[in-house]
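**Q** Listed below are the residues making up each chain.
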Amino acid sequence: MTLHEGAATGRRLDRMLTINGWLVFAFLYLPILVVIMFSFSAAPNVGTWGGFSLRWYERMVGNDPLMNALQNTLWIAFFSTIVATVFGTAAALALDRYRKWVSGGTFDAILYMPVIIPDVTMAVMLLLWFTQIGLPLGKGTIILAHIAFNISFVAIVVRARLANMDPAMEEAAADLYASRWATFRRVTLPLIMPGVLGGGLLALTLSLDDVVITSFVQGPGSTTLPVHVFGLIRKSVTPEINAVSTLMVTASMILVFASLVIQRRE
Amino acid sequence: MTMLDERPDSPEEEANPELERRAERRESWRGFFHAVPAYVYLIFFFVLPLVIVFVFSFASRGRTGRPILENWNFDGWTRLTDPLVSTIVGRSLFVAALNTALCLIIGYAFAYWIATRPKQSTRTLLLILVLIPFWSNFLVRTYAWRILLDSDGYITQIGEWTGLWGRMLFTLPAVFLGLLYGFLPFMVLPLYASIERIDWSLVEAGRDLYASGTRAFLKITLPLSRPGIIAGSILVFIPSLGAYVTPDILGGAKTTLLGNFIVTQFGAARNWPFGSALSGSILIVMVATTIIYFRSGARTL
Numbered sequence: 007m008t009l010h011e012g013a014a015t016g017r018r019l020d021r022m023l024t025i026n027g028w029l030v031f032a033f034l035y036l037p038i039l040v041v042i043m044f045s046f047s048a049a050p051n052v053g054t055w056g057g058f059s060l061r062w063y064e065r066m067v068g069n070d071p072l073m074n075a076l077q078n079t080l081w082i083a084f085f086s087t088i089v090a091t092v093f094g095t096a097a098a099l100a101l102d103r104y105r106k107w108v109s110g111g112t113f114d115a116i117l118y119m120p121v122i123i124p125d126v127t128m129a130v131m132l133l134l135w136f137t138q139i140g141l142p143l144g145k146g147t148i149i150l151a152h153i154a155f156n157i158s159f160v161a162i163v164v165r166a167r168l169a170n171m172d173p174a175m176e177e178a179a180a181d182l183y184a185s186r187w188a189t190f191r192r193v194t195l196p197l198i199m200p201g202v203l204g205g206g207l208l209a210l211t212l213s214l215d216d217v218v219i220t221s222f223v224q225g226p227g228s229t230t231l232p233v234h235v236f237g238l239i240r241k242s243v244t245p246e247i248n249a250v251s252t253l254m255v256t257a258s259m260i261l262v263f264a265s266l267v268i269q270r271r272e
Numbered sequence: 033m034t035m036l037d038e039r040p041d042s043p044e045e046e047a048n049p050e051l052e053r054r055a056e057r058r059e060s061w062r063g064f065f066h067a068v069p070a071y072v073y074l075i076f077f078f079v080l081p082l083v084i085v086f087v088f089s090f091a092s093r094g095r096t097g098r099p100i101l102e103n104w105n106f107d108g109w110t111r112l113t114d115p116l117v118s119t120i121v122g123r124s125l126f127v128a129a130l131n132t133a134l135c136l137i138i139g140y141a142f143a144y145w146i147a148t149r150p151k152q153s154t155r156t157l158l159l160i161l162v163l164i165p166f167w168s169n170f171l172v173r174t175y176a177w178r179i180l181l182d183s184d185g186y187i188t189q190i191g192e193w194t195g196l197w198g199r200m201l202f203t204l205p206a207v208f209l210g211l212l213y214g215f216l217p218f219m220v221l222p223l224y225a226s227i228e229r230i231d232w233s234l235v236e237a238g239r240d241l242y243a244s245g246t247r248a249f250l251k252i253t254l255p256l257s258r259p260g261i262i263a264g265s266i267l268v269f270i271p272s273l274g275a276y277v278t279p280d281i282l283g284g285a286k287t288t289l290l291g292n293f294i295v296t297q298f299g300a301a302r303n304w305p306f307g308s309a310l311s312g313s314i315l316i317v318m319v320a321t322t323i324i325y326f327r328s329g330a331r332t333l
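These protein sequence lines are chains A and B, in that order. Going letter by letter, the first sequence gives residues 7 to 272 in our numbering. Going letter by letter, the second sequence gives residues 33 to 333 in our numbering.
Treat the hints as calculated values from the structure; they're not laboratory data. Note that the Cβ used here is the ideal one computed from N, Cα and C, for glycine as well. Mixed in with the good hints there might be a few duds.
[To be verified] Label pairs and their calculated CB-CB ranges: (1) Thr15(A) - Thr154(B): 45 to 53 Å; (2) Leu29(A) - Ser153(B): 40 to 48 Å; (3) Ile190(B) - Pro196(A): 53 to 61 Å; (4) Ile100(B) - Pro226(A): 49 to 57 Å; (5) Ala166(A) - Ser153(B): 15 to 23 Å; (6) Asp172(A) - Thr154(B): 52 to 60 Å.
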């Protein structure tokens, strides 16, 4: 094979990879766009277009159980995100700086397990545990469960940020007689803030979106929006679900986008 | 310059191993206290719940389905060999394995494409575009396929018109489509991370020594991206093994997977000990895989 032919096959391969790339992007985005599109359709069945209309959104706003569930979702996400962000950041600092104590793969494994564990098994674990220790199921148990899976996500994001940090910055502060706390407040925290905010926003999204774990550890009156919608989908599919789905998926896409942009900030 | 001599990192003090060790121990304690809140929380709301699943899997079943902590037995575990149950377990393993393979093939080509874009800004942008749907509402993304595969939807119409496929909703192919859609980004991210790190001069060297493109790929690129392949496969296989939302929304009665079966035990079937044993079998796979993975020296997935 001459060099020229090699370059030609290389170009052909690159073209094929590019086509595959755009097909994957279409695969990832088209379904979401279809839901958003049909939420504005006047047709009474979910999969056909019947002219532009906002009727499903009007119906959504007037749906009391739905709005109640939305309120629960927001409160739960708010509290669980704050706790998970503080704990997760502290854990990331410990794992990054002080390997002596927390080293050994087991600590890393414990931190990563909540990320890869199937929702159903985590849900079963927490349900059994809460009933065993006698905690009444409700908003409290949902918050406890959300913190449990979100600590890991925050810690992973913050750790990635810490890994790119120049330790000379903190050493310089210490050389200038800054106390430990002052160093943390004035140097470390501002430097890792994009990671903390990014991780926090990710935790917020995951809490707003969780279905399976919440549905196991919820109690009467504590249903969240995704759990409520999941119940509706299982019963029968209506265009009103398209409207709620559009609300949920747009909110989470905006939050994720914000999180990613903040994490990459200098 | 007496002041400078007091700095802990001055050469005089560095020469004192006892002081060094003491400072190091103090630092270690500090790190321990940083880690305490998160790990105490995770022990209390993750590790102990994980252990209790195994305890309850040996308990006996009360009238309401709740476990009773007496008459300990192996019933939950022996039922795994029951033909009905082993069919579901086998199907779940098959689905998880095939989904991992599909994600690996499509995801590798995709990650390779992103990682070989010449400009850093293009790579970052493409990666953000993968991450957005990845972290977005999983329920809605699965529900979208319910609309797309609807019997009067376009995909079904195209399939019927060309005669290539019929009604897919509530069948195994629909579940595969949903799982591939849901978990593909889990595969792409670690693959991208390891392909991007590859030193391309090694591939060039191989080519200079007259290795064909295929051979250079198989002998150089593929082995160097092994960490990504392993991490991605763990991240896809384990959640697929316990998938519940996808088969519940897109599958039917004949596509019951382990995840659905577990939920049934805590609902209609009212058999918590058996449900615990089923969950326990997934947990064994998960705990073993992650601990082996991290013990082998990996720091992240």
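**Q** Please go over all the hints and tell whether each is borne out by the structure.
**A** Now for the hints, and whether the structure bears them out:
1. Thr15(A) - Thr154(B): 45 to 53 Å: 23 Å, violated
2. Leu29(A) - Ser153(B): 40 to 48 Å: 23 Å, violated
3. Ile190(B) - Pro196(A): 53 to 61 Å: Given range 53 to 61 Å: holds, Cβ gap about 54 Å.
4. Ile100(B) - Pro226(A): 49 to 57 Å: 25 Å, violated
5. Ala166(A) - Ser153(B): 15 to 23 Å: 19 Å, holds
6. Asp172(A) - Thr154(B): 52 to 60 Å: Cβ of Asp172(A) to Cβ of Thr154(B): about 26 Å, so the range 52 to 60 Å is violated.
In this structure, the earlier hints numbered 1, 2, 4, 6 are contradicted, and the remaining ones agree with it.
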